[in-house]
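These protein sequence lines are chains A and B, in that order.
At position 38 of the first sequence (counting the first as 1) the number is 38 in this note's numbering, and the numbers step up by one without a gap.
At position 325 of the second sequence (counting the first as 1) the number is 325 in this note's numbering, and the numbers step up by one without a gap.
Quick caveat, the hints were computed from the structure, so don't treat them as lab data.
Glycine included, each C-beta is placed from N, C-alpha and C at the ideal position.
A portion of the hints provided could be inaccurate.
[Said to hold, decoys possible] Here are a few chain B residues that sit away from chain A, every Cβ distance over 12 angstroms (derived from the structure):
hint	residue
1	16
2	23
3	190
4	266
[What the hints assert, rightly or not] Cβ-to-Cβ under 7 angstroms is the rule here; a few derived chain A residues that face chain B:
hint	residue
5	92
6	93
7	103
8	104
9	265
10	266
11	272
12	273
13	277
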Amino acid sequence: MKFLAYLVSGISLGSIYAIIALGYTMVYGIAKMLNFAHGDVIMIGGYVSFLAAKNLGVPPLVSVLIAMAVCTVLGIVIEALAYRPLRSAPSLAVLITAIGVSYLLQNSALLIWGANPKAYTPVVSGTLQLFDGQLSISYISLLTVACCIVIMVALTLFTGRTKMGKAMRACSEDKGAAQLMGINVNRTISLTFAIGSALAAIAGALLCSFSPALMPTTGSMPGIKAFTAAVFGGIGSIPGAFLGGILLGVIEALARAYISTQLSNSIVFAVLIIVLLVRPAGLLGKYTQEKV
Amino acid sequence: MKKLSKGARSDLITYAAVILAFIVVSVLKSNGSLNRSQSGLLVPICCYIVMAVSLNLTVGILGDLSLGHAGFMSVGAFTGVITAMSLMNVIPSVWLRLTLAMIVGAFFAAVIGFLIGIPVLRLTGDYLAIVTLAFGEIIKELITCLLVGVDSEGLHIIFNVSGSKTANDLKLLEGGRVIIKGAQGATGTKTIASFTAGFILVMIALVIVQNLIRSRQGRAIMAVRDNRIAAESVGINVTRYKMMAFVTSAALAGAAGALFGLNYSNLAATKFDFNTSILVLVFVVLGGLGNIWGSIIATVVLYILPEALRGFANYRMLIYAIVLIVVMLATNNPVLKTYREELRAKFSRKDKKEAADT
Numbered sequence: 001m002k003f004l005a006y007l008v009s010g011i012s013l014g015s016i017y018a019i020i021a022l023g024y025t026m027v028y029g030i031a032k033m034l035n036f037a038h039g040d041v042i043m044i045g046g047y048v049s050f051l052a053a054k055n056l057g058v059p060p061l062v063s064v065l066i067a068m069a070v071c072t073v074l075g076i077v078i079e080a081l082a083y084r085p086l087r088s089a090p091s092l093a094v095l096i097t098a099i100g101v102s103y104l105l106q107n108s109a110l111l112i113w114g115a116n117p118k119a120y121t122p123v124v125s126g127t128l129q130l131f132d133g134q135l136s137i138s139y140i141s142l143l144t145v146a147c148c149i150v151i152m153v154a155l156t157l158f159t160g161r162t163k164m165g166k167a168m169r170a171c172s173e174d175k176g177a178a179q180l181m182g183i184n185v186n187r188t189i190s191l192t193f194a195i196g197s198a199l200a201a202i203a204g205a206l207l208c209s210f211s212p213a214l215m216p217t218t219g220s221m222p223g224i225k226a227f228t229a230a231v232f233g234g235i236g237s238i239p240g241a242f243l244g245g246i247l248l249g250v251i252e253a254l255a256r257a258y259i260s261t262q263l264s265n266s267i268v269f270a271v272l273i274i275v276l277l278v279r280p281a282g283l284l285g286k287y288t289q290e291k292v
Numbered sequence: 001m002k003k004l005s006k007g008a009r010s011d012l013i014t015y016a017a018v019i020l021a022f023i024v025v026s027v028l029k030s031n032g033s034l035n036r037s038q039s040g041l042l043v044p045i046c047c048y049i050v051m052a053v054s055l056n057l058t059v060g061i062l063g064d065l066s067l068g069h070a071g072f073m074s075v076g077a078f079t080g081v082i083t084a085m086s087l088m089n090v091i092p093s094v095w096l097r098l099t100l101a102m103i104v105g106a107f108f109a110a111v112i113g114f115l116i117g118i119p120v121l122r123l124t125g126d127y128l129a130i131v132t133l134a135f136g137e138i139i140k141e142l143i144t145c146l147l148v149g150v151d152s153e154g155l156h157i158i159f160n161v162s163g164s165k166t167a168n169d170l171k172l173l174e175g176g177r178v179i180i181k182g183a184q185g186a187t188g189t190k191t192i193a194s195f196t197a198g199f200i201l202v203m204i205a206l207v208i209v210q211n212l213i214r215s216r217q218g219r220a221i222m223a224v225r226d227n228r229i230a231a232e233s234v235g236i237n238v239t240r241y242k243m244m245a246f247v248t249s250a251a252l253a254g255a256a257g258a259l260f261g262l263n264y265s266n267l268a269a270t271k272f273d274f275n276t277s278i279l280v281l282v283f284v285v286l287g288g289l290g291n292i293w294g295s296i297i298a299t300v301v302l303y304i305l306p307e308a309l310r311g312f313a314n315y316r317m318l319i320y321a322i323v324l325i326v327v328m329l330a331t332n333n334p335v336l337k338t339y340r341e342e343l344r345a346k347f348s349r350k351d352k353k354e355a356a357d358t
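Let's have the full structure, built from the sequences with the hints guiding it.
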């Protein structure tokens, strides 16, 4: 029963990683850049929904919607101001810019909201008792897993079935050719950032519901973990990000419970390294043979 | 006098500039122009210069993005501190102890670099980046679990996986001292690092890296960076040269770490986290990939910048972030780039003309 409880907490933690990783992987797939600022967008999402709930007194779900709207705008603005001018620049230059944006968001948050942790009120509260109270699952876990699955399915359908989704896939395949086919590449990339940032806002609210201490650095570690999850599942692949996120969360929860609390992150990273050695493109990534 | 090649000439200029900077700063330091906090920056700056130069070898010359360079620094720092502290009674000379600590730090960092290099160098691009990041985090957490003490019987080392052990479990004899206390890191270290040692380390790092770049091996490494397949097809052993650059880089980072560790009486392993790796990477990229000279200048400027902005207190990191973004946007702006290239073309034509005249 204890094992089940750890498993459940692992899956719900993993679902948060998966939601963040989905945003990461979409942006990576199309812009071919590691958006290090993604983790900080999560943090901003957390703060916006916290403040909306506290100051405007709106219900939690509405506060999440407000956070999504703010983060969407933020994502589009970041992309337009910082990343678009570097479209043809070497990838390292874009990476450093992303790091700069990450510092900028963190330090702006520090200046505006201060370093003291804020106590976030969970979006939903209460727990579900199963097996005569032997296994308790909080509603927030259920909501997280449900959100994650809905988002994954919606994204798969969106990229697979709609015209914009097709444009996205075309851009990630070959930007030049996509442009020649009449696809507005810039707008498509903006849209991807908008979707990724909206997902980050959802992830922010869910993350803060789990661990209610909201700080300017809240997003960094989950951001790195989610990035690991995206690589783990095969970066650029939507089901891969989902699978990678869930597996990462489960491994982390089980390692923390059974092996060592201090080394849980190390174990997660060690598993990542082993997986990459066996499958260099991640679990579900496409391995393309290099042609000479 | 024998005419020097362009590369050798720029190497000599670099050495001369570093020596000149050292002399100027030493004079300023001895006549008291530097206040306490300013002179406190000197050793860390030297360490970070070595870090940037060594990371430039991996990122700029070898062309592999490493996000875990602080891990090697960490290995060097803690092995260096252990060496220096445990030899305190045996070797009275500070300089000998410092040198030994740096050599041991470099050695262990090189060994770890080699072990990490075996899996890491099989990967490329972003996958390599994430794995180096992962290794950096693993090293950090492993050191957080480490308890080390020394007494007359020798070193006592406990690996504190469960998190329940304390320094008392080391069972040190009378007169023994704890060197590394788990999450607190190295405590009570006798600080023996000095600016002169830092300068010597910078010079050694420069000599090693610049000579490596100009050597046959260095050309092979750059060939691997430019086109791995082509390099392999002309008979370059890709793995060997990649490993050579990676291990050299790790060893230098280890030596820098040892000096860094011996500059603070208290140092936690969390100091060498992902952010430190990123900090050094920023120095390298802003200085210019593959440009050793640029790395040095970028390190000095960017390390001093947040300190110089102390007057702005809370805004300094914000300004730092904005400077970072603006510099990246400006250096990669297509309009400015063409302008700069035109300027450079003008100058090089002038150079050629002068060469033809003489």
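Exercise. Failing hints, ascending?
Worked result: Hints that this structure does not satisfy do not exist here, as all of them hold.
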